[in-house]
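Fit chains W and V to the known structure of chain P by using the hints.
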Amino acid sequence: MAAGCGLLGAIVLAALVGPLVVTADPNAIDLEQRLLPPGALGLGTDHLGRDLAARLLHGARTTLLATALLFAALTATGVTVGAVAGYAGGLLDRALMAVTDVVLAFPGLLLAVAIAGTLGPGMESLLLALALVGWANQTRLVRGLVLAERAEAYVLAAQALGAPPARVVIRHLLRNVAGPLLALTATDLGRIITSLASLSFLGLGAQPPTPEWGAMLSEARPFLQSHPHLLLYPAVAVCVTIGASGLLAEGLRALNDPLRGGTAGG
Amino acid sequence: MAFLDSPPDPAAGGGFQSVRTGLAETLFRLNHRLEPEGWLALSAERPQPLTWELALRPNVTFHDGAPMTAEAVKASLERALSKPSAPGALLDIARIQTKGAATLAIETNGPVPTLPGLLSDPSFAIVNAAAAAQQGEAFADRPVMTGPYKVVSFQSASELVVARHEQHWGGRPASPRVVFSYLPDASSRALALQAGDIDIADYVSPESVTTLQANGGLEVRAGESVSLVFLYLNQRREPWQDVRVRRAVASALGREALTKAALQGRGSPAQGMFPPSMLRCEGTPLTPPQVDRARQLLAESGFTETDSEGYLLRRGQPLTMTLLTYRQRPELPLVAEAAQASLKAIGVRVTVRMVESIGPALRQPDWDAATYFNNMATTGDPYWALWQFFSSGGSANAGGYANAKVDVQVQDLARLNDRAARLQAGCAAAQLAVEDVAVVPLMHPLYNYGVSKAVTGFDRPHPFFMYLMDGGVGRR
Amino acid sequence: MPAALRRRLALVPLQLLGVALVVFMLLTATPGDPAENLARLRQPGSEPTPELVAAIRQDLGLDDPAPVRFGRWLLGAVRGDLGVSYKTGKPVTHDLLARFPATALLAASALLLSLAIALPLGIAAALRPGSWLDHAAGSLTLLALTVPGYVLALTGILIFAVTLRWLPAFGAGTAAHLVLPAVVLAAGASGQLFRVTRAALLEVLQQDYLRTARAKGLPPHTLVLRHALRNALTPVVTMCVTMAGHLLGGAVVVETVFGWPGLGKYAVDAVFLRDAPAVLGAVLYLTAAFVMLGALIDLAYGALDPRMRADKA
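Chains as they are written, first to last, in my numbering: chain P, 65 to 330; chain W, 988 to 1463; chain V, 11 to 323.
Be careful, since some hints might not be right.
Claimed, not checked - Negatives, chain V to chain P, calculated, CB over 10 Å:
hint, residue
1, Leu106
2, Leu122
3, Met249
What the hints assert, rightly or not - Cross-link-like lysine-lysine pairs, in silico, DSS-like; alpha carbons within 30 Å at most:
hint, chain 1, residue 1, chain 2, residue 2
4, W, Lys1247, W, Lys1331
5, W, Lys1061, W, Lys1086
6, V, Lys100, W, Lys1331
7, W, Lys1070, W, Lys1086
8, W, Lys1440, W, Lys1247
9, V, Lys100, W, Lys1247
In case anyone wonders, no lab produced these hints; they're calculated from the structure. The C-beta atom is built at its ideal place from N, Cα and C for all residues, glycine as well.
Bound conformation, chain P alone (with noise of 0.2 Å):
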């Protein structure tokens, strides 16, 4: 818990803070100083001259802040969807699981690109189209941890005592559903980060030259023999950022598990 919440203190920390240390401009080209190997000036230079380290530090920024932002969006509208469901049960249980049926099977990619094409391409764009359609990954799982629980003893006693079921829900039942959520949450963010790279790609999201981790590792792709360095650094930014944050969501997990202790790996 300790290390989960240090190391990503540090980076938001890092994010932050770093673009001021290393002044160096993330997009300044310099195309005679290409793909410099990592050596005495730093991480080396990208495939148009530009610093590495400034572009990682600088690419934290807009990557953690979408990341957290549409984290924040999907688990909020997933969980909601899902426990009402799970809840309520009957007719309403079954029109908001039809939607989510619709909504798992949509395709994603064609409301970006219709999203980017009406209202122009970008980031904003990008993560508009993503928390529409991404929430439904969790509401499944969240209705049925519900559903579980709702039979429970301590429910039907707060259900007997007159409690409305929107306190039942929030107080009680979510925070004995909470551990597999929490667990999902470094997944959860992985799969945010990887689909805002591959993405990316194509042309979705941060515009050239932003800085930005996806779009770093997806420009980094046709140098993956010849100078991996360029995808190393993203991967690595990526990797231990989500690493931290299933430090930390295990810790949570663990505060909130009042018997069994052991905070665990990754």
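Positioned in the frame of chain P, the structure of chains W and V alone reads:
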């Protein structure tokens, strides 16, 4: 293969693919110097301005054994003309008649001096039209044509398997069987080649060339370039209507550095519109970016003030450019980014916009410049490209360039009969347009093939990437 | 539960119609002309002429107003005819059926592989939280998940096909062809499954009745097998089935890199081409798949934990 989606029947859109894969042949083709030469036809004469007489090659057999007679060619051409095709309108054909078993007479409505070159368009690949009528829809996937190979099986966007056509007029094709596999990702094509799972990799990215060349069993080969990467400037908008501003942009872009950055050296900086493989014109000499000259030109057009970040202003209005680019050609976004930096040096604030569909984007009014790619050599004749891109009514003149002198020159060129004269006039017109900065030509990319050293008969790839597989390509 | 099933099935035509309408509207609203895209596809690098594009448009019936085109498609769809793909010229049902087996095979293999990896590891980790095994398994699965699929795929090819020559670099057809693509897909999936299994099991292991059973002296593995697992399975099953749905939709990256002839790339290519019949067909297929899988999940809930009958309101 980078593309393998179309059904092989030329009438269903698969002409280009079928010529590439050795299934189809046209009456004329372009040779390595991009001159039309006989393929299924032997020669072409024009006894009258509106009549062409084509002598057909004898002893040509279709894949099903039927002989290719003049009647068969006539039927095939008429079938092609009834379908959408690129030069159909250009060909302007009024009537096709046979004169004996081996001669075809084609009457046109107006004079068409470049008919043989136009007939090299793959939509006019010769098929057995009688068999087509008989087989109906099944023909789309297994057309009966004349090439050194015939279709064994075809799965769209997956695989095409072809087998040797024993009676091919060119002699027994070198390979008994060829498998074309669809691998749309350039990196995985390069890896498949290195793993030995494929013998020829179509279009390898410039970035993987050094890796492949370092491999002892492989080589990278390319024909001369026939394409052009260039920058459109939207001349329907201020300030691009001012030729001084356009010239400033052109002189600020260092073509040698751009070529190195975007193509890793697999290509040459452009000195004019047409690649040297097609037209050897005297072009604009290559110079490094001339920042001072550019700034001077911009100052002359009124951009005398600068804002806090160093961008130029004219009467308080900033000099901004929305630069479109698209990912379907991998080098274009790189060019856009590099151009953004170069233009910043002369005070232009460039915003790069990556669009998913460039065609519709260019038809909108809200862009200033766009990176673009085009194969200039399709008919082997300069008229087509000049008309499309530079004449005021041209279908590819996205920037709205209009120069009456160029229009006249292009129209005059259309009427010339002698190829040498046409080439010369082509050079002149192209030069005029480029000096007037109709567009900013940047570089000529090479089309790179990764080839296993075990492959024979593929030493000099044709500059025009439509000509890939023929009866001579085989393997030890 | 025939009544419940009937009620659920009643919604299906509405779902399909709704999604078809939305998708069609999106396709029409997005800039991009399928005729122009086709012309560019057929002759790469050459500038398509307006006459050619117009002729293709006419050929494909694209000049009719959008409601007419949708109506035409809909009339066919209710009879089972999903139209003809603009690109392949073949009926969409034919295209989908042709590519379904490859996708199903890959999906099944990837899912089974992830289960085989994630379940045992998840159970073991939950039984010994905080141990080196827990840490190691967690880190490994996290790593597998965060490496972008594209990089993982190419690296796999580089190692196993190029350097070691143990496996083919691309294609489909033999078991050997299946290995790398399935592993790449399983990498991401097993990360999720591992974590869900572990968390769900941990959640359940703390419950009262199990502590009682433990206090009574029942050996741990009995506990696991008999009680904990059954209740912890709920989220695992949910996750599994949802992942199955996604896998059945195809895996674009894997299909692209390995040249695997699946539905994912078919659908993505159709979107980029604006190949309306193909896009609609693919979306309908996937919606139907998720609906059926959703029903499967609810059936499973009922079987695993009778208290979880979804119909109780």
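Against the structure, the hints come out as follows:
Under the 10 Å C-beta cut-off, the non-interface status given to Leu106 of chain V relative to chain P holds; the minimum distance is some 14 Å. Annotated as non-interface, Leu122 of chain V keeps its C-beta farther than 10 Å from every C-beta of chain P; the closest such distance is 19 Å. With a least CB separation of 6 Å from chain P, Met249 of chain V falls inside the 10 Å interface cut-off, contrary to its annotation. For the hint linking Lys1247 of chain W to Lys1331 of chain W, the alpha-carbon distance of about 19 Å falls within 30 Å, and the restraint holds.
Proximity of Lys1061 of chain W to Lys1086 of chain W is assessed by CA-CA distance (about 11 Å); at most 30 Å being required, the pair is judged to hold. Simply put, Lys100 of chain V and Lys1331 of chain W have alpha-carbon atoms about 50 Å apart, too far for the 30 Å limit, and the pair is violated. The hinted pair formed by Lys1070 of chain W and Lys1086 of chain W meets the criterion: a straight-line CA distance of about 25 Å does not exceed 30 Å. For a cut-off of 30 Å, the pair hint linking Lys1440 of chain W to Lys1247 of chain W stands: about 27 Å separates their Cα positions.
As the CA atoms of Lys100 of chain V and Lys1247 of chain W are separated by approximately 43 Å, the hinted pair breaks the 30 Å bound.
Violated hints, listed in ascending order, are 3, 6 and 9; each of the other numbered hints is respected by the structure.
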